[in-house]
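J.: Produce the entire structure from the sequences given, and follow the hints as far as they go.
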Amino acid sequence: MKKRIEDITILFSLLFTALVVYLSFIQIVNRDLFFGNEKNPRLLENIRYRGNIYDRKGELLACTKIDNELPRRVYPFREMLEPILGYSDIRLGDEGIEKYQNSRLVGKKLPDNIYEAFSFINGRKLAGRDIYLTIDLAIQKACIDAMDKRKGAVVVMNPRTGEILALASIPGYDPNGIEKNWDRLRKDPSTPLVNRAIDGRYPPGSTFKVFSLAVALELGYVTKDTVFSCPGFFDIGSYRVHEAEGGSHGAVNTEGALVNSCNVAFAQMGLKIGQQNFYGFVRAFKLLEPFNIGVPVRAATFPQAEEMSEGGLAQSAFGQGSITLSPLHLALVFSAMANDGKIMKPYVIKGVRSHDGKDVFTTHPQVWCQPVSPSTADAVKSMMIQAVERGTGYKSRIEGTAVAGKTGTAENPHGDTHAWFAAFAPAENPRYLVVAVVENGGYGGRVAAPIVHSILQFCLGDRKDTGESR
Amino acid sequence: MSKKIHFRKAELRLLLLLSLIYCVGIALIKMSHGEKLDISVMMTALPLLIAFWTTHTLLTISDSKTDEMLMPLFAFLSIIGHIEIYRLEPALAFKQVLFILGGFALFNIWYLKGFDYRIWEDYKYLVLFSGIAIQIAVMILGTEINGAKLWFRIGSINFQPVEVVKILVVVFLASYLKQKKEFITSHPKRWLDSLSFKYLLPLIAILGCCELILVVQKDMGMALLLFGTFMCLFYIATERIGMIVCAFLLFLMSSYALIQKFPHVHVRFAVWLDPWQDPNGSGYQILQSLFALSAGGFWGTGLGMGSPTLIPAVHTDFVFAAIGEEMGFLGAMAVILAYLFLVHRIFKVSLQCHDEFGSLFAAGLGALLACQVFIITGGSIKFIPMTGITLPFISYGGSSVISNFFLMALVFQIAEQAGKKKSQLLQMKAS
Chain L
20 MKKRIEDITI LFSLLFTALV VYLSFIQIVN RDLFFGNEKN PRLLENIRYR GNIYDRKGEL
80 LACTKIDNEL PRRVYPFREM LEPILGYSDI RLGDEGIEKY QNSRLVGKKL PDNIYEAFSF
140 INGRKLAGRD IYLTIDLAIQ KACIDAMDKR KGAVVVMNPR TGEILALASI PGYDPNGIEK
200 NWDRLRKDPS TPLVNRAIDG RYPPGSTFKV FSLAVALELG YVTKDTVFSC PGFFDIGSYR
260 VHEAEGGSHG AVNTEGALVN SCNVAFAQMG LKIGQQNFYG FVRAFKLLEP FNIGVPVRAA
320 TFPQAEEMSE GGLAQSAFGQ GSITLSPLHL ALVFSAMAND GKIMKPYVIK GVRSHDGKDV
380 FTTHPQVWCQ PVSPSTADAV KSMMIQAVER GTGYKSRIEG TAVAGKTGTA ENPHGDTHAW
440 FAAFAPAENP RYLVVAVVEN GGYGGRVAAP IVHSILQFCL GDRKDTGESR
Chain Y
-8 MSKKIHFRKA ELRLLLLLSL IYCVGIALIK MSHGEKLDIS VMMTALPLLI AFWTTHTLLT
52 ISDSKTDEML MPLFAFLSII GHIEIYRLEP ALAFKQVLFI LGGFALFNIW YLKGFDYRIW
112 EDYKYLVLFS GIAIQIAVMI LGTEINGAKL WFRIGSINFQ PVEVVKILVV VFLASYLKQK
172 KEFITSHPKR WLDSLSFKYL LPLIAILGCC ELILVVQKDM GMALLLFGTF MCLFYIATER
232 IGMIVCAFLL FLMSSYALIQ KFPHVHVRFA VWLDPWQDPN GSGYQILQSL FALSAGGFWG
292 TGLGMGSPTL IPAVHTDFVF AAIGEEMGFL GAMAVILAYL FLVHRIFKVS LQCHDEFGSL
352 FAAGLGALLA CQVFIITGGS IKFIPMTGIT LPFISYGGSS VISNFFLMAL VFQIAEQAGK
412 KKSQLLQMKA S
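As given, the protein sequences belong to chains L and Y, one line each in that order. The working numbering puts the first sequence at residues 20 to 489. The working numbering puts the second sequence at residues -8 to 422.
No lab work stands behind these hints: they were computed from the structure. Please read all numbers here as calculations on a predicted model, not as lab measurements. Any given hint could be a false lead.
Said to hold, decoys possible - Dumping the calculated EDC-like pairs for lysine to aspartate or glutamate here, alpha-carbon to alpha-carbon at most 20 Å:
#, chain 1, residue 1, chain 2, residue 2
1, Y, Lys169, L, Glu25
2, L, Lys21, Y, Asp346
3, L, Lys58, Y, Asp265
4, Y, Lys171, Y, Glu230
5, L, Lys22, Y, Glu80
T.: Shown next as structure tokens:
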């Protein structure tokens, strides 16, 4: 019997050893497999100690509430700021600013002050930092209202600083309790999770004529007085350029070409510019490199110079063909005209404050690039003013303020044309640049221009409040 | 012959170390609760310190011949229990202290004044039937908690009678096997011959009992525990590997049939195979346990610094995962080794015991404890399917704590007899 008792002792020794070995797999070898899993509620700490997000005037946009010991992210303005603000969810993880500014909102490595240092030593988690956005909630709301539930996007920025004052994408979604609606949102054919303002890729249509005009002027291929003849069509090999609404413009000068949005004139301009120059300027306007405004923005899509045919080049010059970009990209192009040829680096993070209200980081406006000279920019701007005063953009005229803008009606493979309008005001000292696109909305002048008009009017009427306070 | 006091030096040293670990543990928990470190640490630790130092004194005075490793080992496990409960459910910690104090009291009284364990042998059928009666009573009169009728409610105290029944079963098995082992082993060793009903009767009876517990009481853990203990004892008593294999296969087959038939068993099995299938439902608890263990890593997050309370039922079924999170792989391994050490020492008592019943009895108690630790620890780390039983000495719960102290008292009685016999033999040799 002694022998058999020893057998059983050995059996249990082996079983317990197996437990220890198995345990080492969970705790040491495969540790990250379990710990890093998104279902691990320890990642909740990310939410519990997360900082708040405010708009430029200190309006609370996102905060953490704790009910029944369970931290939950709360967004008081629901879908108004989505998708740029994003969400922070236990199961779904983070998105938008919540995702890309996560390291500022949580995960602070070092304490900010001596009191925090003490609690840090005692093993307390440090409270996260607060983020202040450049977004102005009032303007954001004006954008949402102006879009009136039509699919599309609006970008409002200050061309002199690069601050993004509003970034609306319609439809948005309610980030509160998003996991309940997750399946529906994900499968929704109107793609509410996509941020159309920065991730949407649309052909720019005639709005891109501003770009072509600036390039042609910069290179000296056209002047204010160059005259184009427009019989209503223009042949490049087997490809024929038409005017958008039929008809012809006869003999038009450069200004007339922009005011009347003459495709034939711009096709000719494009051919003069040539593939290499065109491509070079697309690059100089920073359209071909990804950048970060607080969330990452991918490059616009544009064919390589070598791949572009004459016909393709002519099409690109008036914003059709294989070029696609987001409203934010178009805003960059327009901001150069508003800002003496300079493009300011765009940003949505105004600053970061520690838990006790001290500034730990402030974004300073910086010149990103200067693709065209001030004189070119001025010349284009004065023509854009005319395009609003007596051209296609007449619906965005504002009494007593000069508005510089350009319409776009972009043909696309998805149905009706996309309606574009981009404008800045006051033209002599631009402070607001608004770009709006309505998907399959129809004519830019008829659909998008009134949207931009109402937003600009709101901004200009509201000018007292857009000072430096935040 | 002058009476000389034999000091239990090893026990004394271990208890000194233990007292230090205990106070440091309580102090750490107090700190993590944000309390000041002062005399209250001593006040919290005092009841159990008094309990095991008193036990040590009593053992010394009564000139106990028992193994000096045993008491520090289960005292260690019960202080880990108190520290963990204090960490996880501070409101229940004082009750746990009372349970442990009750356990120590029962241990001392039973060991010093309880009737001789050898008497059990004569009342084995009474023991068996009272065990069965208790089980039937709880099925009919018991209070249902979490969908299983396993408790008696007396006032505000819930009593889980199966914790007593498991010991009664070991008592019966030890005495029954002692009596019948000649009969079973004298039989030709060709295992096909043992397939006659007469020999298989006890096997079938115990299998039936286990399956009954599984089906009627939905207590998979206890069924597994009793079956495992029985198999160990049967092997020790008879060495009939053939019959064990037979019973094991029968158990597997009948269990398989039951898994198919009863959803509550089936769910547990499916969760063990793949908890990710329903991570927010049936797989939730075991995944929380795995998350906790992985959060601990090698060194652990530190006492009071992890989030083990995210695991449902962490202070009862999943206390091991909490140890793994906050004390790390090191701490979890230490606890497993402490159990292994304790089991090893109980088997040593069994080996040293000169009467056959005592030897079988001690081995049965050792196997019972070992099986229970293996089943619950393995379950909470997903080594085997999870079955809700308690981790001896550590899990919160009066019935469990007190019955395990009772188990240790029985082991001590057997060890005392063995020790006495040994010293008698030594004296005879000397004279």
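J.: So, for every hint listed, does it hold in this structure?
T.: A quick look at each hint next to the structure:
no.: 1; hint: Y:Lys169 with L:Glu25; verdict: holds, 18 Å
no.: 2; hint: L:Lys21 with Y:Asp346; verdict: holds, 12 Å
no.: 3; hint: L:Lys58 with Y:Asp265; verdict: holds, 15 Å
no.: 4; hint: Y:Lys171 with Y:Glu230; verdict: holds, 13 Å
no.: 5; hint: L:Lys22 with Y:Glu80; verdict: violated, 44 Å
Comparing the model with each earlier hint shows a violation of hint 5 alone; every other hint is respected.
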